[in-house]
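Go ahead and model the full structure; you've got the sequences and the hints to work with.
There are 2 protein chains.
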Amino acid sequence: MRTHHCNELRSANIGETVTLIGWVNSARDHGGVIFTDLRDREGFTQCVFRPEENSDAAKLSHQLRDEDVIQVTGKVSARLEGTVNAKIATGEIEIVATELVIVNKADVLPFQLDKELSNEDLRMKYRYLDIRRARMTRNLRTRHRVTKATRDFLDEQGFCEIETPILSKSTPEGARDFLVPSRLQAGHFYALPQAPQQYKQLLMVGGIEKYFQIAKCFRDEDLRADRQPEFTQIDLEASFVDQEDIIGLVEGLLGRVFKEARDAEIPASFDRITWKEAMNVYGSDKPDRRFEMKLTDLGEVFANSSFKVFSGALASGGVVKAINAKGFSGITTGQVEALTQTAIQAGAKGLAYIQVRGETVDTWRSPITKFLSPEEIEAMKSALQVEPGDLVLFGAGPWEQVCEILGRVRLAVAAMQNLLEGNEELNFLWVTEFPLLAWDEESGRHVAVHHPFTRPIKEDEPKLLAGELSTDLRAQAYDVVLNGHELGGGSIRIHEGALQTAMFKALGISEEQAAEEFGHILDAFRFGAPPHGGLALGLDRLVMLICGEDSIREVIAFPKNNKGSDLMSQSPAEVDPKQLRDLRIQTVKKPGTPTAPAGA
Amino acid sequence: MRTHHCNELRSANIGETVTLIGWVNSARDHGGVIFTDLRDREGFTQCVFRPEENSDAAKLSHQLRDEDVIQVTGKVSARLEGTVNAKIATGEIEIVATELVIVNKADVLPFQLDKELSNEDLRMKYRYLDIRRARMTRNLRTRHRVTKATRDFLDEQGFCEIETPILSKSTPEGARDFLVPSRLQAGHFYALPQAPQQYKQLLMVGGIEKYFQIAKCFRDEDLRADRQPEFTQIDLEASFVDQEDIIGLVEGLLGRVFKEARDAEIPASFDRITWKEAMNVYGSDKPDRRFEMKLTDLGEVFANSSFKVFSGALASGGVVKAINAKGFSGITTGQVEALTQTAIQAGAKGLAYIQVRGETVDTWRSPITKFLSPEEIEAMKSALQVEPGDLVLFGAGPWEQVCEILGRVRLAVAAMQNLLEGNEELNFLWVTEFPLLAWDEESGRHVAVHHPFTRPIKEDEPKLLAGELSTDLRAQAYDVVLNGHELGGGSIRIHEGALQTAMFKALGISEEQAAEEFGHILDAFRFGAPPHGGLALGLDRLVMLICGEDSIREVIAFPKNNKGSDLMSQSPAEVDPKQLRDLRIQTVKKPGTPTAPAGA
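Chains as they are written, first to last, in the UniProt record's numbering: chain S, 1 to 600; chain L, 1 to 600.
Check each hint, because a few of them may be wrong.
As the list makes no split between identical chains, a pair holds if one copy fits it or if it spans any two.
[Claimed, not checked] Below, in silico cross-link-like pairs of lysine to aspartate or glutamate (DMTMM-like), each with a Cα-Cα straight-line distance of 20 Å or less:
1. 59 <-> 222
2. 505 <-> 517
3. 148 <-> 260
4. 563 <-> 81
5. 276 <-> 400
6. 286 <-> 42
7. 259 <-> 155
8. 578 <-> 222
9. 578 <-> 221
10. 75 <-> 92
11. 259 <-> 156
12. 326 <-> 292
13. 87 <-> 523
14. 578 <-> 517
15. 125 <-> 517
16. 125 <-> 516
17. 105 <-> 496
18. 458 <-> 468
19. 87 <-> 114
20. 105 <-> 461
21. 463 <-> 222
Simulated from the structure, these hints should not be mistaken for laboratory data. As the structure is a computational prediction, the values presented were derived from the model and not from experiment.
Put into structure tokens, the structure is as follows:
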């Protein structure tokens, strides 16, 4: 139906007769002659309908409206001098049409395609039109390049892509599952997988050695922020490997992906930092290191302070830390209030600060300087390299909490200061040695930080086996971070029954419970499980960052909104009562209150 | 953890010190010295533990049992003359071990890996062990090669892989949906997609032009025969194309796939046959043409027969047809009975046959020859080229029914005669011009043969628009067939609102119903939908045929059994009542009878 795409023709083609097909991007009447920009997936070509070439076609061209689908045959001609359009690849030529077929007329669109649209509901309702916009088309094609480069690279490395089930089993650990009622086995349910974790480990037991999958995963969470109920991960696992092998593999993979999808060279290997160091210095397990503003420990400065908020925190085993926001002493009262809210949401009682307006303390603005001795102030200035114009922000309390509070304040300050405006850096980082266990106040037990199959570091293995539990135990678990976003993470796994049993015990999972919920995994470990480990990368976020977008919804063809709805197809929806009868389920209006038997 | 894989070392490596890791495939004691075949994903290498090299390792080697994971370091050595094993790639050498690490001990396996196992339940329960068998590993790797070749080819052709949602919308047309209750919108349900049909058409409206996806699809059907509740298809769609374009594309795709996954050259283009011809000649819409035994029309022969079963069928507008099973006059009574059952299951009342034992009718064995005149017998012999030793099988009745009956009988006879034993032919075929509509007796209306978006052939378009409905209307729908298996099918779609409306009307779908169920598709057609069409290939079956397997379960890592169960992970399973409360659903024991409110 075409001889060329709309981005192909150049001066060298002048004189050729060609056929193009696509959408009318615009139709303009210049002195009774219609000019259109014809658009297809690849670009634009100007077509002109002159009565002297074909009077019927010229007449018909007056009916053209935006987004009509048309087929144009004509001769490639040079544009008149002064009408060359350098903005498009075919700007030197135009098609002088000899034939015009209107393939499909279009109604007036609900929104214009060449303008950014802030009404996301409208975009989503007409997603098939939204996708026609150059930005969305480009994003989806970039996503394709990312998955293609991933598959090419992993295939070359000997990895085998294997599909694991979507109709899977509910696992009690982890997030909330989506359930699928079974009709053939009434009262029983499949669950959609949160990740193919168990399957990929079982493939390692199965001797596959190198597995990957670009896998759909599902979590039935409340959809705050930028989450989707279904998301995609690049999931990989290998046998006979250690952490170094996985790290090297993923660095190679990301290098290939950024090269092919964004034409960017990234470092062959990334910096590494332990989780403890990341928390201590950046107050985050996914530090954004494109700017400094590090957390500085002030324990020595305030150990004996008469300011009890500081000295009291230290006395009870906590810390006092601060960040220096260079040049931000002019912060507004509203901004201070916003930062204080950020700190409070992270668990602080308030936020102590000093606006360092001049050289001397009397020029400063702060609610706390009056409590500090001149020696403390000097020591603090020295520790933080304070200069006039700076803003100092403090945290005091338990170590991890203070780190988190200041980590969030640090990011909020950077946003207020526009520190990253125009910054094109791609700052990759490995965060290693995550804790193995965390303490869950609510249930009064340890929980797995990564998941129950994560291996402790060699040095801490005996402690786990001996039941000497603490949150100091470190795991062979690692995250890869880009510009403050977690791209993905993984771990080396436990492959021996004894160590796995010790881990379940550490998590307060009884033998019976373990046998019931993880029986097949424990069984598998008895039959010659190889050492193995892996990692998963969040594809949606990776593509989002490569495309320079702020939301994963911009890189998903048909995303759900924050109520889990697809506004285009109107899903989820009510269903025919017969479908529920077949499944032997019924809906309840309030917990425990049955509706009338469905359709009975 | 290794320097080489277990298939790599050759005589050229003799003298090198290497490290291998893998599973003990067997351990044998020869005069106090242990020999093992060490196995990894790639192959086998013999290792020998001589006390003179390392007495500790030699001692430890006596503990080795099948499927232990071990790491062996040693020197590559020539095998003694007479002990070279030509069956394995590394058969010229062995590793004389200097170190042995038992990485993970294995219990005795529930079954042996080197024997075929008929107990499929046992295989499925321990699927992770079943996958260690060479055949399963090979199948899964072939599957990976098929998907990789597919992606490479379609990427080169400008196709863009786009993920469509798994949490999708229930569609009333088609098979039964799996449902997923929504927690955020109680009483509402997602459905798992039976195919990404609507999404891919909407992507065409979105200007993507060339889409593909290796897509998970779901059908909640009773799992007779070789079906799975979730299956995978190679799904593709393109704009500005006609049937020729899709056919050419898929021929190229299959050529690439068979080359890369099976090293087989297949024809650059496949034969084509219309649906009508396929039914008429082979009695099947997916004919196996690797053998003849064509259906022959005997209408002229029996038009005036005194055998009323034949002449009556003809008089009422039906047909009389027969097949000649060459050389099968010696069929047993039991086989005749089995063929008769096949015919009856296909809708016949019985199965008329002639065992042509000799030249003359008096030597024949048949329940019907006594009713036939000598002229009829001569004409039949001539039409079917009957020779002594043949078996003739008849069908009489309505055309489509007779075709189907004889088509199934034809396949059953070929199986009884072992006609395809040792046949390595790959016989590809396009079946075109499927009917647009079928008549559904039960609902008393026409239904879509392919789906409601399928386009009629140009010639039949006016009839559909005018509401002149019949099952004679032909569609631009096509199937690709390999050796009697449907590999896949597709169609050119309707892209105009008026034609789609006529199609819905033909299917008895009211305007309100169409608006409710397909509103977004009908909307989309108003905004400049391009002409488009596509096809989907069943990946599981394609890989099964490439691997030479008889069941798709042999090419799926973790399949379900015919009750929809995964015996390994025990899914589907009962769930925590809290999960159901969160979803505001409850199970009912019998339709209409609520259980006690879940956990209340």
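For this session: Would you pick out the hints that fail for this structure and give their numbers low to high?
Result: As far as the earlier hints go, 1, 4, 6, 13 and 21 are violated by this structure, in ascending order.
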